[in-house]
Structures are given as C-alpha cells and as structure tokens.
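Listed below are the residues making up each chain.
Protein chains: 4
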Amino acid sequence: MSLSDAYMELLGIKVEAVGAGRAHLSAVVGPQHLNLHGSCHGGFLYSLADAAFALASNSHGVAAVALSTHMEYFKPAKAGDRLEAHATEENLGRRTATYRIEVRRGAERVALFTGTVFRKEAAGS
Amino acid sequence: MSLSDAYMELLGIKVEAVGAGRAHLSAVVGPQHLNLHGSCHGGFLYSLADAAFALASNSHGVAAVALSTHMEYFKPAKAGDRLEAHATEENLGRRTATYRIEVRRGAERVALFTGTVFRKEAAGS
Amino acid sequence: MSLSDAYMELLGIKVEAVGAGRAHLSAVVGPQHLNLHGSCHGGFLYSLADAAFALASNSHGVAAVALSTHMEYFKPAKAGDRLEAHATEENLGRRTATYRIEVRRGAERVALFTGTVFRKEAAGS
Amino acid sequence: MSLSDAYMELLGIKVEAVGAGRAHLSAVVGPQHLNLHGSCHGGFLYSLADAAFALASNSHGVAAVALSTHMEYFKPAKAGDRLEAHATEENLGRRTATYRIEVRRGAERVALFTGTVFRKEAAGS
Chain E
80 MSLSDAYMEL
90 LGIKVEAVGA
100 GRAHLSAVVG
110 PQHLNLHGSC
120 HGGFLYSLAD
130 AAFALASNSH
140 GVAAVALSTH
150 MEYFKPAKAG
160 DRLEAHATEE
170 NLGRRTATYR
180 IEVRRGAERV
190 ALFTGTVFRK
200 EAAGS
Chain Y
80 MSLSDAYMEL
90 LGIKVEAVGA
100 GRAHLSAVVG
110 PQHLNLHGSC
120 HGGFLYSLAD
130 AAFALASNSH
140 GVAAVALSTH
150 MEYFKPAKAG
160 DRLEAHATEE
170 NLGRRTATYR
180 IEVRRGAERV
190 ALFTGTVFRK
200 EAAGS
Chain V
80 MSLSDAYMEL
90 LGIKVEAVGA
100 GRAHLSAVVG
110 PQHLNLHGSC
120 HGGFLYSLAD
130 AAFALASNSH
140 GVAAVALSTH
150 MEYFKPAKAG
160 DRLEAHATEE
170 NLGRRTATYR
180 IEVRRGAERV
190 ALFTGTVFRK
200 EAAGS
Chain W
80 MSLSDAYMEL
90 LGIKVEAVGA
100 GRAHLSAVVG
110 PQHLNLHGSC
120 HGGFLYSLAD
130 AAFALASNSH
140 GVAAVALSTH
150 MEYFKPAKAG
160 DRLEAHATEE
170 NLGRRTATYR
180 IEVRRGAERV
190 ALFTGTVFRK
200 EAAGS
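First to last, the protein sequences are chains E, Y, V and W. Just so we're on the same page, the numbering used here is the position in the first sequence counted from 1, plus 79. Just so we're on the same page, the numbering used here is the position in the second sequence counted from 1, plus 79. Just so we're on the same page, the numbering used here is the position in the third sequence counted from 1, plus 79. Just so we're on the same page, the numbering used here is the position in the fourth sequence counted from 1, plus 79.
Hint data in this document are derived by calculation from the structure and do not stem from the laboratory.
Which copy is meant is left open, because identical chains are indistinguishable; a pair holds if it fits in one copy or across any two.
The calculated lysine-lysine pairs, modelled on BS3-like cross-linking and capped at a C-alpha distance of 30 Å, are:
1) Lys93 x Lys199
2) Lys154 x Lys199
3) Lys199 x Lys157
What you are looking at is a predicted structure, and each value in this text was computed from that prediction instead of being measured.
Model the full structure from these sequences, guided by the hints.
Below, the structure is given as structure tokens:
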C-alpha cells in the first residue's frame, strides 16, 4: 500500500519512515510554498506535520480521524530549507490517541504540532 | 497590492473579501487535495483557515506572525465541496491578537480554527 | 440533582443557569485566587471556564469527558473582579462535541476557552 | 523569594524544584478537588500544570504572561492520587517562549499541557 496521497504529492512531501505510532517525513520549501512576506507559509508547515500525524495515527490498523490539533510556530522557514517532521505517540487509548510532531530544520525545532484522533474501529467496540 | 500569495495559488484559494480584522476566502476541494481515505486532507482545511487568519491579522497595517493555532475538525469534506473560511477578530491587543476562523460548507460548519499572532511593529514600541 | 461539585465550591464558583448545550457560571476573584504578581491565577480563570464546559457538555444526558482544551488569555483579572463564564455548543456529534466558553468581566472578554469532549454513552452505540 | 502563591496554597500544590526553564511540582488529590462523577476535576489537573508553567516561564528573570495554552487529558485521576507536574522548555525566544508540562501519576502520564508566554521585559527591548 502506498503511504503517500494526492495532497502530499501536491506539496512535495516524502515519506522517510513509518512504524507503529511513528512517522518521519521530509519536504524542501519551494517558491510555491511561500507567503507574501517571502517566508514559508504556516499552512505548509502544518500540512507537513499533519501528514506525519495521519501516518502515525493510522499505523496500528485502526482508522483514525483528527479531532483536535494545535501548532506552535517557533522559527520562520525559507525557500530551500529542508524540513523534517518526526511524529511520536504521546498516548494510545482505545478510542482516542495523541501524537507529538516536531518540525525540524537540521537540529533546530521550527514548529511543534500536537494532535488527537478518534479511533473509529477499535477491536471489540 | 495583491492579497494572494504563491501558496494560496498552489492550493486554489481565492480571496473573497478582506477588511479590518476580517477576511473571507473560498476554495473548491479537488482530487489533488485528498488523503488516502479519499477525503479532503486536514492540512488543506487548515491551510484555507490559516490563509484567512494571515489576511485578517495583517489587515491593520502591523506585521503579524503566527504564534499558536488550533483546529477542531467537525465534519469530513470531499472532492467537489466548495468551502469558505470566515475570519473574525476575537481580541486585538498591542502586541498580540487572536482570530476565529470558521470553515464552512454552505451553512454547515466543517472546522473551527483559533489563532494568536505576535504583532511585530506596534506603533510606539 | 446538584449541578455544583466539591471543586467548584472550593473555588467559589456559582451556577447561574444551565440548558441544553449551554451553561452560565460566575465567581468573584478573591485573595486566595491570586498569583505572585497579585493577578488572578490563570488556573482559576481556566477552572471557571472548565466548570462551564463540564456542565454544558453533560447537559444532554450523555456522559462527556474532556479530551482536549485550549485557553487564550486576553486581559489580566484582579481581586474583586466579578467574572462570568458563558458556554455554548460549537458542534454536537455522536461521539464527540465541542464547546466555546467566554470568560467575561462585564462586557469585556477576559479569556476564551475551547474544549472537545468524548461522549461515552451515545444512544445505540 | 517564595515560589508559591495564594492559589497554589488553596489547592495544596507544592514546589519540588525550580531551575532555568524547568519546574517540578506535586499535589495530592483530595475530596475538595473532585467533580460530580467523583473524579479529579479537569480544572485542578490544569491548575497544577499551569502553576509549573508559570514557575518555569518566569525562571529567567523576565516577566512572562500566558498567551495560549492547551491541555490533553489522557487518564482520569482520583482522590488519594499523588500527581506531579514536570515543566520543560520547548522554545525560548526573545519575546515569546513555549513550555511542555507533563502531569504524571508515578510513571503514568495523566495529562499533557503546552503553553506559550509573552515575555514582557526582554533585555534591550
């Protein structure tokens, strides 16, 4: 099964690795990802994190849909920057689960995303 | 001055109206905006809201950068849906401001975004 | 059935009104609610909003537990201020629901809370 | 200087340790902290985390005020539980900073708080 989807392809987001409760994605900021100030658009940074969130939260074989997310922006990113999103599991419950996604440029943390999903088909439910 | 930017063009987001502390944008969900489940990607819904947030928060002539945002997802959207984002101001302080953006499909609320900016060049600061 | 609980009593929070998907609470900031700066503690403002969130989200006869909440702080409050929390329903789904709670001092908005619950005993589930 | 305040005393919150960008607090859930379901009130869990957030964010000698916070609830807590809040710094900028606070019961994570402050008196500002 492909792990990528049409939206990730539109944005140039690559899957580096996916495991149980984890995902690692990357993208290079291009001119098409910029806002009027010439910086990387916040929606692009979020989309990169959100794609990692989707892969990590759906990695257990139970369909998971996003309920609530938040994003803290630490540093601007610019054209040419190579960004990585690293998703890890904060909590895995029967019906809900929470993930942390760091958006990094090298060793530097550019943004922090936290997201909670509803798990639709938990075994025995 | 154009109100659109490269990222909005990549996603097909249109500016309907912008005023002081307000913005109204629209987009039609296309096949390139879908995730693996065939629904509109959460990152696209967020990007639509975030673009409205950027226009509303920069409407006062003071450069505003996103600090913290959150998104509540209520309903899935699908290819062909016409979505609108309506941004209004919750609070306008000297150095920070907060906005509410509703993402709607007709009269139905699809998602709710709340975002806080830091205002960089407040008069007299 | 009493609508108040031990924690609300400890903090001096009063129930003004509760309806389907709605709640209205009040409290007066006392010296026991202050932080080291002499302002009302952020945890007290949140607790007032959270109590309104709990009443509004449990008003439909389905047990609701908090999953994810956020709070935006707009203005400081001080000893002697009379605060009100007004909870309204943003979205009511079968398994989840989202509420908005404004914390006000007179006509002024002091803080904004948004919270999402998981509904434990939805009919027919 | 005392690190505790009136609100922490009202709630029985103890300071275990404070360092640069860090804080460790504890509290025991008592009958006065319960909600109508007999569980620890979400506002109490938040207040414990928020007190750690305040100490960690004010630890650098620059006054910091909360702008935006969020809380993810993972597990219920009950009377008699000893809870700890551990605050660490996610990002320290000149005018804003972000903290992560884990609320734990022994090795178990009960809740996760993320908060962003505005720093009022940054050197040279």
